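Each protein sequence line maps, in turn, to chains A and B.
The numbering of the first sequence is my numbering, which starts it at 1 and goes up by one.
The numbering of the second sequence is my numbering, which starts it at 1 and goes up by one.
I should point out that these hints are in silico values taken from the structure, not numbers from a laboratory.
Just so we're clear, the structure is a prediction, and the values are computed from it rather than from any experiment.
Just so it is clear, CB atoms sit at the ideal spot from N, CA and C, and this is done for glycine as well.
Mixed in with the good hints, there may be bad ones.
[Said to hold, decoys possible] Derived contacts from chain B toward chain A, CB cut-off under 10 Å, selection only:
(1) Val7
(2) Asp129
(3) Gly130
[To be verified] Some residues of chain A that are not near chain B, with every Cβ distance over 10 Å (derived):
(4) Glu23
(5) Arg39
(6) Leu62
(7) Arg86
(8) Pro109
(9) Trp119
[To be verified] Quick list of in silico lysine-lysine cross-link-like pairs, DSSO-like style, CA-CA up to 27 Å:
(10) Lys42/B x Lys30/B
(11) Lys67/B x Lys106/B
(12) Lys42/B x Lys179/B
(13) Lys42/B x Lys98/A
(14) Lys98/A x Lys123/B
(15) Lys111/B x Lys42/B
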Amino acid sequence: MKRAVLALLLLVATQAQALEPSERLADPALEARARDISRELRCLVCQNQSIDDSNADLARDLRRVVRERLSAGDSDQAAIGYVTARYGDFVLLTPPFKAATWALWLGPPAVLIAGFIAWLMFLRRRGAAPETPLSDEERRRVASLLDQSK
Amino acid sequence: MRLRFVVPILLFAALAAVLGFYLREIGRGKDVSVVPSALIGKPAPAFNLPPIEGNGTGLSSADLAGKPSLVNVFASWCPPCRAEHPLLAQLAQSGVPIYGINFKDKPADAKAFLAELGDPYAKIGADRDGRVALEWGVYGYPETFVIDRAGIVRYRHVGPLMAYDVERTIRPLLAQLAK
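Just chain B, with the same shape it has in the complex (with noise of 0.2 Å):
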């Protein structure tokens, strides 16, 4: 008899538990829509990329390793990377080495991308057909991983860097990963 009241309140506590927890993930802003990386933990995937024409060397995965590091997939046409490119001139003010992935674009575009708001990247690769991108596994532009001095993905975000997740995320992630 006890059981017929017992039960039901049993069966809310759980569901209201469950909601409860989504709900505060998504108060502290977390995006749930957002799909975990499949590199997290794995070496950054092998990749040979051009220059944005008669722009700097180009990209390779080579170059990632020695010194925690961000990689960056943007692209001229994307209004998000253009919003958090001020936060990326920041880092890279600081001594984050930062990598792009030049995703997409013309290299015209591209260009004049950075010569109006600046070029914040110590290397940046052209993608010209996303197949780099895609061994990334991007899927929203733009996104940022934080790479180790290994060359391991420790971290991947999606979408444009706010303020916050920058000095919540990023740059306690590459401090730990400094020491």
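So here's chain A without its partners, still in its complex pose (with noise of 0.2 Å):
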């Protein structure tokens, strides 16, 4: 029973949320962009969680900002654009795609391609050098060494 009212329990429990709702836009469409927005900006206080996230200080001003924006009749890039422009590349989640960042998008799958390509080169090599036959002499020597460890 209390297996069952525990499970019922986590089934409807939600993910916290640092948004109070006094933040909240009445334009439930609004609301929802800015939601989409606030998870793909970074809080600097804080620096691994998104603003939507965080309860620091500057996440909150961060997503009235953006609310701020939205209601104003930004697209959804230029609100994104308008924190950027002070914050900087960085308080996106996901970098953009550019000479300075082009390594750090590019670096896991070259390293991944590389190691598949060394190991092909492995499984082809061990393929192509067959064990060569032990000789008499060879031969002589094992079983001897077997009698011996008897």
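Join these two chains into a complex; the hints should help.
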């Protein structure tokens, strides 16, 4: 019974929100866009949380600014641009692909591909070099060593 | 066959070079968690702040042009601001105009802070809701910006200034901008 109740509670539980009720916009469509944008912006105080997740003062101020921009008629891109013009690309949790970040984007796949190629080369070399059979001399030596160990 | 020995050594050398570079930067006092300012090389944001109640005339972006200056974002509730205050006083004494943005502070607290520690600021604007600090991309307090005579942002320091930062970075940069 206890388990069933716990399971039920866990099912209906939602993730805790940093967003305070007073911050919400009246228009649900705008509010949904604001939430989507907030999830993509880094809180610079905590650095690994989005401003949607963070309780920090700065995160709240930025959430408010995003809502202000959207209410003023900005597109999502314009609202995000407003924040990056002040805080830099580092606020984007998904960094843009440009000269300064190509190593960031291409590095991991490059390492993966290099590893795959190295693995293929290893397999091929192992297949290409068959074991040479033992000579008669070596056979006799193996036999004598095995005898010794008895 | 020789590749088997060369490749790991090269990989190790590359890794050691990258890590060594960062280690050297950290050893020189670089804080790798500091985010570079998006405003470097751009004009200071336009703003117009009222004074801390009954304390001067406030601060606007028009005040910043004319002479290389510092803009310091501070608050009475911020202990590192208190820690860096003597250095600001020294800088002000040597003739550097320092403009203050008093961040999310109560007027009485801000005035008590300045009365206790001295007021090194040429002008102070009260940013009660933090909206102007946001225009400057401020995220840690205190923050100090170096502005050139054309009103362009040249440098941003996050956190309290140390004597080291002033001597190694701020003063040489101000001297260079004054030429």
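> What are the numbers of the hints that this structure violates, sorted from low to high?
Replying inline: The structure breaks hints 6, 7, 11, 14, 15; every other hint is satisfied.
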